[in-house]
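Number of protein chains: 2
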Amino acid sequence: MKDNVAVGLLGVGVVGSGVINLIEKHQEKLAHQLGCGVHVKSALVRNLDKQRDTGADMNGTMLTTDPDAVLGDPEIDVVVEVMGGIDEAREVILKAFKAKKHVVTANKDLVALHGGELHEAAERNKCDFYYEASVAGGIPILRGITDGFASDHIEQLMGIVNGTTNYIMTKMNQEGLSYEAALQEAQERGFAEADPASDVEGLDAARKMAILARLAFSTYIDLEDVEVTGIKDIDIADLQYSDSLGFTMKLIGFANFDGTQVEVNVQPVLISKQHPLADVKNEYNAVYVYGEAIGEAMFYGAGAGSMPTASAVISDVVTVIKNMHRGVTGGQFVEPRFKKRLKSDEQRFGEYYFRVHATDEAGVFSRISSLFNELDISFKQILQNPSEDDDVAEIVVITHRTSLHNMQKALEELKNLEQVKAIKSFYKVEGDADA
Amino acid sequence: MKDNVAVGLLGVGVVGSGVINLIEKHQEKLAHQLGCGVHVKSALVRNLDKQRDTGADMNGTMLTTDPDAVLGDPEIDVVVEVMGGIDEAREVILKAFKAKKHVVTANKDLVALHGGELHEAAERNKCDFYYEASVAGGIPILRGITDGFASDHIEQLMGIVNGTTNYIMTKMNQEGLSYEAALQEAQERGFAEADPASDVEGLDAARKMAILARLAFSTYIDLEDVEVTGIKDIDIADLQYSDSLGFTMKLIGFANFDGTQVEVNVQPVLISKQHPLADVKNEYNAVYVYGEAIGEAMFYGAGAGSMPTASAVISDVVTVIKNMHRGVTGGQFVEPRFKKRLKSDEQRFGEYYFRVHATDEAGVFSRISSLFNELDISFKQILQNPSEDDDVAEIVVITHRTSLHNMQKALEELKNLEQVKAIKSFYKVEGDADA
Chain A
1 MKDNVAVGLL
11 GVGVVGSGVI
21 NLIEKHQEKL
31 AHQLGCGVHV
41 KSALVRNLDK
51 QRDTGADMNG
61 TMLTTDPDAV
71 LGDPEIDVVV
81 EVMGGIDEAR
91 EVILKAFKAK
101 KHVVTANKDL
111 VALHGGELHE
121 AAERNKCDFY
131 YEASVAGGIP
141 ILRGITDGFA
151 SDHIEQLMGI
161 VNGTTNYIMT
171 KMNQEGLSYE
181 AALQEAQERG
191 FAEADPASDV
201 EGLDAARKMA
211 ILARLAFSTY
221 IDLEDVEVTG
231 IKDIDIADLQ
241 YSDSLGFTMK
251 LIGFANFDGT
261 QVEVNVQPVL
271 ISKQHPLADV
281 KNEYNAVYVY
291 GEAIGEAMFY
301 GAGAGSMPTA
311 SAVISDVVTV
321 IKNMHRGVTG
331 GQFVEPRFKK
341 RLKSDEQRFG
351 EYYFRVHATD
361 EAGVFSRISS
371 LFNELDISFK
381 QILQNPSEDD
391 DVAEIVVITH
401 RTSLHNMQKA
411 LEELKNLEQV
421 KAIKSFYKVE
431 GDADA
Chain B
436 MKDNVAVGLL
446 GVGVVGSGVI
456 NLIEKHQEKL
466 AHQLGCGVHV
476 KSALVRNLDK
486 QRDTGADMNG
496 TMLTTDPDAV
506 LGDPEIDVVV
516 EVMGGIDEAR
526 EVILKAFKAK
536 KHVVTANKDL
546 VALHGGELHE
556 AAERNKCDFY
566 YEASVAGGIP
576 ILRGITDGFA
586 SDHIEQLMGI
596 VNGTTNYIMT
606 KMNQEGLSYE
616 AALQEAQERG
626 FAEADPASDV
636 EGLDAARKMA
646 ILARLAFSTY
656 IDLEDVEVTG
666 IKDIDIADLQ
676 YSDSLGFTMK
686 LIGFANFDGT
696 QVEVNVQPVL
706 ISKQHPLADV
716 KNEYNAVYVY
726 GEAIGEAMFY
736 GAGAGSMPTA
746 SAVISDVVTV
756 IKNMHRGVTG
766 GQFVEPRFKK
776 RLKSDEQRFG
786 EYYFRVHATD
796 EAGVFSRISS
806 LFNELDISFK
816 QILQNPSEDD
826 DVAEIVVITH
836 RTSLHNMQKA
846 LEELKNLEQV
856 KAIKSFYKVE
866 GDADA
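These protein sequences, in sequence, are chains A and B.
Residue 367 in my numbering sits at position 367 of the first sequence, with consecutive numbering throughout.
Residue 711 in my numbering sits at position 276 of the second sequence, with consecutive numbering throughout.
Next up, chain A with everything else stripped away, as it sits in the complex:
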């Protein structure tokens, strides 16, 4: 057993700085748990001259611009990849495994795209590969799913796994801000990037859902299997109707598995105010898990940030070092149990919300409801208001449970009704308003 395990760090940005800081700060706690020290021996950076404030003494850490100075160092056992990006990160991680180094990463893009390949490379080289920090920052959700639910069948996952969009939607819901105003506030407060595309279009959430679904359901899910709708086109009117019907609108990652087939998507959803996810506000993240035996469970916390993410990275480093001491690195990974089978739209069920503008004349609502009735879709909640335009009625409906296929067919026919001016919106609904 080594006296002091050397870690090689790839990247000293927001998360990397946190890793250096926490490892220095918590030397005593780490030494107590592990029976040995841990130190960051060297760190790969792009620019040697840049000023860095990690809040910790960097004298002990050699900075280098050469990946091989880290990967080729025989003293280094654990490589922490927090440089971000995809191709270069993939290459250095594969190189690290070849050099028999264990790898911990916070890189969700990489794991979502190349998780399978990286796991296989790790196994081949009897190395550990962990990525707790890649989903929901400091929340120990991957451990929770793989260890805590080991004997349960997870039926469903719902996640608020993107802090930026949850912050924006909280402001839109609570303060009635428009999407643009809420985005601007998020940017000013550091919760959204200058280019917010990957967050607000739902791609970041999709990557995390692919990782979660893969672990929860033991089947490979590719990123392109995740259907994504972002939040940019949300109309404040739908937030107000949601509220008055007993719901809150949130960007929700949804995954379910019936034992054979799987469905994974990210979309704005009307979620019942009674549902635990409805209370997850601002930049916070949460993952709701429904297990056949356990029933409802939820994991809540900070989904991003230097310290929460670094803390998740180091919890993986601790696991790796414990495995090293016990001589059991590698071999954690279990091949997925199920072949990937995606649900078709006929096999996807839900309750749905839609809002239409129709001519304001007698019998219109009855015409609409009989159209749905013919497709066996019945209505659960209905609101009808005269719209600002005097000749137009605004009709809001929440349906009972039906297939997505059926619902899409109904909307198609609705569009062709002479009395219907426009289908303004269409969203999925989760939970009962008065549960």
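FYI, nobody ran anything at the bench for these hints, they're computed from the structure.
Given the structure is predicted, the values throughout are model-derived calculations rather than measurements.
Treat the hints with care, since some could be wrong.
Distance ranges between label pairs, derived from CB positions [what the hints assert, rightly or not]:
no.: 1; chain 1: A; residue 1: 345; chain 2: B; residue 2: 499; range: 51 to 59 Å
no.: 2; chain 1: B; residue 1: 630; chain 2: A; residue 2: 345; range: 48 to 56 Å
no.: 3; chain 1: B; residue 1: 848; chain 2: A; residue 2: 235; range: 34 to 42 Å
A virtual CB, placed ideally from N, CA and C, is assigned to each residue, including glycine.
Given chain A's structure and the hints, the job is docking chain B onto it.
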């Protein structure tokens, strides 16, 4: 590696039946994860003739009234203790360790009282000892704390860890029921026992908080170190005032640690409606963890019930079997890092709520506030109402932060004020009403 690991079950009650059911039902998932089968070979019961409906085929399981038929069976590697009680359970577990069997238990009373002794016996015999199910049923909170926060300093834990009292208080809060009426409803719906004493007096929660605090702070906490106040004496008037001030009253287990000294207690607390714990309703449990690096995190789910608890038990059995396969059983336990040092009342700080009845005359409030002022306690929120009795004013105050010692001194002096008729209530406050 064995083809099929034999489990010995001690007790086939609510949780034991769930264990048998889940192990049978999830054979395939368990075999896939473990690379071997798992079966319940024999089970200790009190009465062989009792009808049991485990929802599973019991033919494969031998029932016995003799503990030694389980503990003495060389084929059995893992013993699951779900018989409950303390002395007998302690004895059989110690015997199991002597026979080199790993032990998984759901017995919070036992772990809270004898956890240290049992851990030592496990270590001596190189056996595993796990008890995830002992706190918060199916929620993987013990793993979350020990593994997920491995590199963080946990500063504070707050837990709704007793479903019965949370159900009762939810009904009192939401429907204005009296304590007695809410208890009766809880009993009718199966959320409270016929003799609810250990729940409503806070003892059950205290046991769980002792276990949580021990793991989170790496120091021994004895059950008698946990200060306990139950919910029986809660006046509906205080729930109403809490509500109008922006708080919800809940029975909260509280533990904090400043790096040297520790405080653990269970008491009714006014918790801000903005706090994630305020939304935990009915029989649900949740543990809120504040880590220096991670910040806020919360684990939510079903805190009891046959299936959730059995699922947590089996997740421990899975961990044990994985350890067996890798040859690393025993050695998980780490001696507490810190000597136990409890905070005195001078070192315990908080904001406090109190309600007094005073004579309804000019200058009374000013007299009260100057009394507090002399002790450096200032007021944050104040409500004053004429009481039903015309000559009496009801005064409700939430203070700014002060020491418990100081606060108790102030209440003592208040009691002696001529104008004060009665101190009706006194509670701790967590969080800001308008955070």
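Hint check results:
| no. | hint | verdict |
| --- | --- | --- |
| 1 | 345/A / 499/B: 51 to 59 Å | holds (54 Å) |
| 2 | 630/B / 345/A: 48 to 56 Å | holds (54 Å) |
| 3 | 848/B / 235/A: 34 to 42 Å | violated (59 Å) |
Hint 3 alone, counting from the list given before, is not met by this structure.
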